[in-house]
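Please take these sequences and the hints and turn them into a complete structure.
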Amino acid sequence: MYFEAELKGRKFKVDVVESPRFWKISLQEEGGTWIHYDMPKDDYKRSESYFSFLFKGVSYLVDVVGADTEYTVFTRNSFRTVRIFNDEMILHESLKAGGGLGADKELKCGMPGKIIEIFVKEGDVVKANKPLLIMEAMKMENEMRSVAEVKVKEICVKQGDSVESGAVLIKFEDP
Amino acid sequence: MFKKVLIANRGEIAIRVTRACRELGIHSVVVFSDADRDSLHVFLADEAYNIGPAPSIESYLRGDKILEVAKKAGVDAIHPGYGFLSENAEFVRECIAAGITFIGPTPENMDAMGDKLAAKALMKKANVPTVPGSDGSVETLEQAQTIIKEMGLPVIIKASAGGGGKGMRVVRDEEEIESAFRACRSEGQNYFADPTVYIEKFISDPKHIEIQVFGDTHGNIIHLFERECSVQRRHQKIIEESPSPSVPPEVRNKMGEAAVRAAKQINYIGAGTIEFIFDNTTKQFYFMEMNTRLQVEHPITEAVTGVDLVKEQIFVALGRPLSVKQSDLRQKGHAIEVRICAEDPVTYKPSPGLIRACRHPQGPFVRCDSYAYPGYEVPIYYDPMVAKVITWGDTRTEAIGRMERALSEFILSGIKSNIVLHKTILKHPKFLDGTYTTQFLEKNFEVIEPEMFKYVNDHVFLIAAAVTAFNDRKAKDVRQYNVYPNWKRLGRKMQLRL
Numbered sequence: 054m055y056f057e058a059e060l061k062g063r064k065f066k067v068d069v070v071e072s073p074r075f076w077k078i079s080l081q082e083e084g085g086t087w088i089h090y091d092m093p094k095d096d097y098k099r100s101e102s103y104f105s106f107l108f109k110g111v112s113y114l115v116d117v118v119g120a121d122t123e124y125t126v127f128t129r130n131s132f133r134t135v136r137i138f139n140d141e142m143i144l145h146e147s148l149k150a151g152g153g154l155g156a157d158k159e160l161k162c163g164m165p166g167k168i169i170e171i172f173v174k175e176g177d178v179v180k181a182n183k184p185l186l187i188m189e190a191m192k193m194e195n196e197m198r199s200v201a202e203v204k205v206k207e208i209c210v211k212q213g214d215s216v217e218s219g220a221v222l223i224k225f226e227d228p
Numbered sequence: 137m138f139k140k141v142l143i144a145n146r147g148e149i150a151i152r153v154t155r156a157c158r159e160l161g162i163h164s165v166v167v168f169s170d171a172d173r174d175s176l177h178v179f180l181a182d183e184a185y186n187i188g189p190a191p192s193i194e195s196y197l198r199g200d201k202i203l204e205v206a207k208k209a210g211v212d213a214i215h216p217g218y219g220f221l222s223e224n225a226e227f228v229r230e231c232i233a234a235g236i237t238f239i240g241p242t243p244e245n246m247d248a249m250g251d252k253l254a255a256k257a258l259m260k261k262a263n264v265p266t267v268p269g270s271d272g273s274v275e276t277l278e279q280a281q282t283i284i285k286e287m288g289l290p291v292i293i294k295a296s297a298g299g300g301g302k303g304m305r306v307v308r309d310e311e312e313i314e315s316a317f318r319a320c321r322s323e324g325q326n327y328f329a330d331p332t333v334y335i336e337k338f339i340s341d342p343k344h345i346e347i348q349v350f351g352d353t354h355g356n357i358i359h360l361f362e363r364e365c366s367v368q369r370r371h372q373k374i375i376e377e378s379p380s381p382s383v384p385p386e387v388r389n390k391m392g393e394a395a396v397r398a399a400k401q402i403n404y405i406g407a408g409t410i411e412f413i414f415d416n417t418t419k420q421f422y423f424m425e426m427n428t429r430l431q432v433e434h435p436i437t438e439a440v441t442g443v444d445l446v447k448e449q450i451f452v453a454l455g456r457p458l459s460v461k462q463s464d465l466r467q468k469g470h471a472i473e474v475r476i477c478a479e480d481p482v483t484y485k486p487s488p489g490l491i492r493a494c495r496h497p498q499g500p501f502v503r504c505d506s507y508a509y510p511g512y513e514v515p516i517y518y519d520p521m522v523a524k525v526i527t528w529g530d531t532r533t534e535a536i537g538r539m540e541r542a543l544s545e546f547i548l549s550g551i552k553s554n555i556v557l558h559k560t561i562l563k564h565p566k567f568l569d570g571t572y573t574t575q576f577l578e579k580n581f582e583v584i585e586p587e588m589f590k591y592v593n594d595h596v597f598l599i600a601a602a603v604t605a606f607n608d609r610k611a612k613d614v615r616q617y618n619v620y621p622n623w624k625r626l627g628r629k630m631q632l633r634l
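In order, the protein sequence lines correspond to chains Y and C.
In the working numbering, each residue carries its 1-based index in the first sequence increased by 53.
In the working numbering, each residue carries its 1-based index in the second sequence increased by 136.
Hints listed in this document are in silico derivations from the structure and should not be mistaken for laboratory results.
Certain hints may be false.
Stated by the list, open to error - In the DSS-like style, the derived pairs of lysine-lysine whose C-alpha atoms are separated by at most 27 Å in a straight line are:
| id | chain 1 | residue 1 | chain 2 | residue 2 |
| --- | --- | --- | --- | --- |
| 1 | Y | 61 | C | 485 |
| 2 | Y | 180 | Y | 61 |
| 3 | C | 485 | Y | 167 |
| 4 | C | 610 | Y | 98 |
| 5 | Y | 61 | C | 285 |
| 6 | Y | 64 | C | 140 |
| 7 | C | 285 | Y | 167 |
| 8 | C | 612 | Y | 77 |
| 9 | C | 285 | C | 256 |
| 10 | C | 285 | Y | 64 |
| 11 | Y | 94 | Y | 167 |
| 12 | Y | 66 | C | 624 |
| 13 | Y | 161 | C | 285 |
| 14 | C | 590 | Y | 180 |
| 15 | C | 612 | Y | 174 |
| 16 | Y | 61 | Y | 183 |
| 17 | C | 590 | C | 563 |
| 18 | C | 260 | C | 447 |
| 19 | C | 612 | Y | 66 |
| 20 | C | 468 | Y | 64 |
Quantities reported herein were computed from a predicted structural model and do not represent experimental measurements.
See the structure below:
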């Protein structure tokens with residue numbers, strides 16, 4: 054099965070083939086060469102609630118959380134979110150968004166919280182890495198910043214609002 | 137001895153107090169909010185009662201509801217833990233009025249230390265060093281020059297109304313006084329419409345070092361040495377150690393004596409902590425504030441002194457004299473505590489959610505006070521700290537090595553945690569040589585993310601994600617094999633375009 058994956062802004066092509074006793078996995082970072090791994094299935098096996106993964110002899114306990122196109126992998130106290138698409142998804146995404154894997158057009162909140170302060174107003178053009186708003190959750194104030202230069206189309210919340218996880222806070226359009 | 141004690145808190149500290157109660161044969165009663173029905177402190181206590189909705193303002197901060205449970209359950213005493221009602225003098229008065237012992241200081245102790253300016257004045261009276269400063273506004277340049285001459289350079293001139301780095305000037309040279317003074321006044325005027333400025337001694341290498349004190353109802357007050365808590369993010373401590381690598385023995389004695397004088401000044405009862413700003417260049421220390429409660433980092437003091445601080449709190453509340461004398465106390469070996477928080481290690485953004493896998497570190501000289509377990513959902517309403525790991529060693533090097541070992545055993549998945557950050561700090565040269573200050577994280581950890589994750593090959597993440605994605609799609613019976621991806625992709629694209 055062929056995938057395209059993204060890890061911290063780096064793009065990879067991934068091919069996974071399952072045989073009765075082996076995982077054959079090939080990786081190619083954008084601009085790099087293909088690297089092939091023939092892994093006995095015994096090197097990637099479930100134990101308790103996680104996987105024991107012997108990668109080139111190094112022992113990792115791995116847990117993978119997620120579904121569809123986004124998986125977060127936890128191991129050795131580190132974690133990485135991998136966005137992964139198989140070719141059909143890539144196709145649909147690219148046709149619908151006019152290229153670019155899912156550039157976000159809205160700011161959503163990842164957890165329930167309270168809006169403390171909003172720094173932008175509708176119609177503003179905001180440069181990358183500028184504060185948009187401050188949200189309070191778990192006794193902490195979290196500043197949300199823009200990832201790219203955008204124009205604020207609509208602000209869906211106001212100061213003092215309590216918001217639920219996944220709520221849209223600000224909608225953007227291209228500047 | 138008390139028969140029943142109510143613990144007006146949650147999380148790991150509620151469990152810590154439950155443990156002390158159980159060791160003393162005391163029945164423990166805990167309270168919980170709607171969000172905490174599945175919290176481990178509820179499972180481990182003898183009795184548990186719901187006190188209302190999730191936000192702490194409607195549950196853990198409701199003294200009236202807690203007292204109602206206390207009366208219903210027939211408890212003798214209330215232990216407040218830290219945070220929530222632990223420094224609320226009004227709540228203590230209500231407990232006393234209801235005939236229930238409050239395990240902690242008197243309301244008068246709390247009042248005396250609650251007001252920062254009044255506390256500073258009290259400390260001056262007790263001959264405890266405070267940050268030298270102008271004690272009020274400075275109007276003219278001549279006045280400023282006289283004050284600075286008395287205090288010595290460097291100083292910091294601050295606009296009274298200032299904040300966010302505006303209206304602040306550090307003066308290291310006599311020639312800079314005039315320009316800095318004028319700049320602060322004008323910035324104060326321009327930004328905050330108030331030209332008032334004051335002057336304080338500038339501490340270039342500030343460390344946060346605190347002394348644990350303990351008083352009983354018989355007038356005895358002792359100190360249990362220092363804890364260094366300079367590793368902070370967003371002004372909250374994340375790593376603490378005892379003894380501090382920066383405090384020379386003679387200064388340690390002076391700090392201890394000053395802390396005892398401070399506590400004596402207000403006839404302090406119970407466990408308390410005197411916090412000092414410590415100048416690592418001059419080895420001078422200055423009173424900052426007093427915390428009139430048990431601290432999060434109390435286990436490192438327990439590890440180096442062998443005193444169970446929570447039991448001691450209970451004994452003092454029972455009216456017994458302190459079980460140890462100052463002359464009996466020794467600081468043995470070295471202890472470190474790290475706070476494991478459910479948060480992103482780089483941005484410090486909270487990461488509440490479901491804990492999938494959780495295995496705590498074990499082995500010699502490792503203590504883990506935690507309320508995490510697999511299947512537990514960390515609620516969004518409270519502090520992100522889910523566990524503390526404490527290690528002890530004969531030397532500082534051994535304690536650090538043990539901590540690295542313990543952290544590598546700690547498995548926590550589903551939520552993000554700052555364990556990788558701790559591992560990186562423990563390897564940092566500034567931490568290892570003990571010269572770190574309270575600005576350590578801000579100054580040294582801006583671009584360290586790749587460093588934190590370098591211990592894991594990126595291909596591990598990719599392969600694990602790819603195998604899971606493969607299995608997920610196979611389970612959903614998505615097309616199984618796709619051997620010529622690029623051709624197929626192109627072909628399909630062409631088809632759809634037509």
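Each hint, compared with the structure:
Between residue 61 of chain Y and residue 485 of chain C, the direct Cα distance comes to roughly 17 Å. Compliance with the 27 Å bound is thereby established for this hinted pair. Restraint check for residue 180 of chain Y and residue 61 of chain Y: satisfied, since their Cα atoms lie roughly 21 Å apart, inside the 27 Å limit. The suggested pairing of residue 485 of chain C with residue 167 of chain Y holds, with an alpha-carbon distance near 14 Å, which does not exceed 27 Å. In summary, the hint linking residue 610 of chain C to residue 98 of chain Y is supported, as the alpha carbons are separated by about 17 Å, within the 27 Å threshold.
In summary, the hint linking residue 61 of chain Y to residue 285 of chain C is not supported, as the alpha carbons are separated by about 54 Å, beyond the 27 Å threshold. The hinted pair formed by residue 64 of chain Y and residue 140 of chain C fails the criterion: a straight-line CA distance of about 60 Å is larger than 27 Å. Taken as a hint, the residue 285 of chain C and residue 167 of chain Y pair is broken in the structure, with Cα atoms around 48 Å apart against an allowance of 27 Å. Using a Cα cut-off of 27 Å, the hinted pair residue 612 of chain C and residue 77 of chain Y holds, with the two alpha carbons roughly 21 Å apart.
For a cut-off of 27 Å, the pair hint linking residue 285 of chain C to residue 256 of chain C stands: about 22 Å separates their Cα positions. The suggested pairing of residue 285 of chain C with residue 64 of chain Y is violated, with an alpha-carbon distance near 61 Å, which exceeds 27 Å. At most 27 Å may separate the alpha-carbon atoms for a hinted pair to count; residue 94 of chain Y and residue 167 of chain Y exceed this at roughly 47 Å. Using a Cα cut-off of 27 Å, the hinted pair residue 66 of chain Y and residue 624 of chain C holds, with the two alpha carbons roughly 15 Å apart.
A hinted pair counts as satisfied when its Cα atoms are at most 27 Å apart, and residue 161 of chain Y with residue 285 of chain C does not qualify at roughly 55 Å. Using a Cα cut-off of 27 Å, the hinted pair residue 590 of chain C and residue 180 of chain Y is violated, with the two alpha carbons roughly 31 Å apart. At most 27 Å may separate the alpha-carbon atoms for a hinted pair to count; residue 612 of chain C and residue 174 of chain Y exceed this at roughly 44 Å. For a cut-off of 27 Å, the pair hint linking residue 61 of chain Y to residue 183 of chain Y stands: about 20 Å separates their Cα positions.
Between residue 590 of chain C and residue 563 of chain C, the direct Cα distance comes to roughly 13 Å. Compliance with the 27 Å bound is thereby established for this hinted pair. The hinted pair formed by residue 260 of chain C and residue 447 of chain C fails the criterion: a straight-line CA distance of about 32 Å is larger than 27 Å. A distance of roughly 22 Å separates the Cα atoms of residue 612 of chain C and residue 66 of chain Y; the hinted pair therefore holds under the 27 Å criterion. Of the pairs offered as hints, the one joining residue 468 of chain C and residue 64 of chain Y is violated, with about 53 Å between alpha carbons and a cut-off of 27 Å exceeded.
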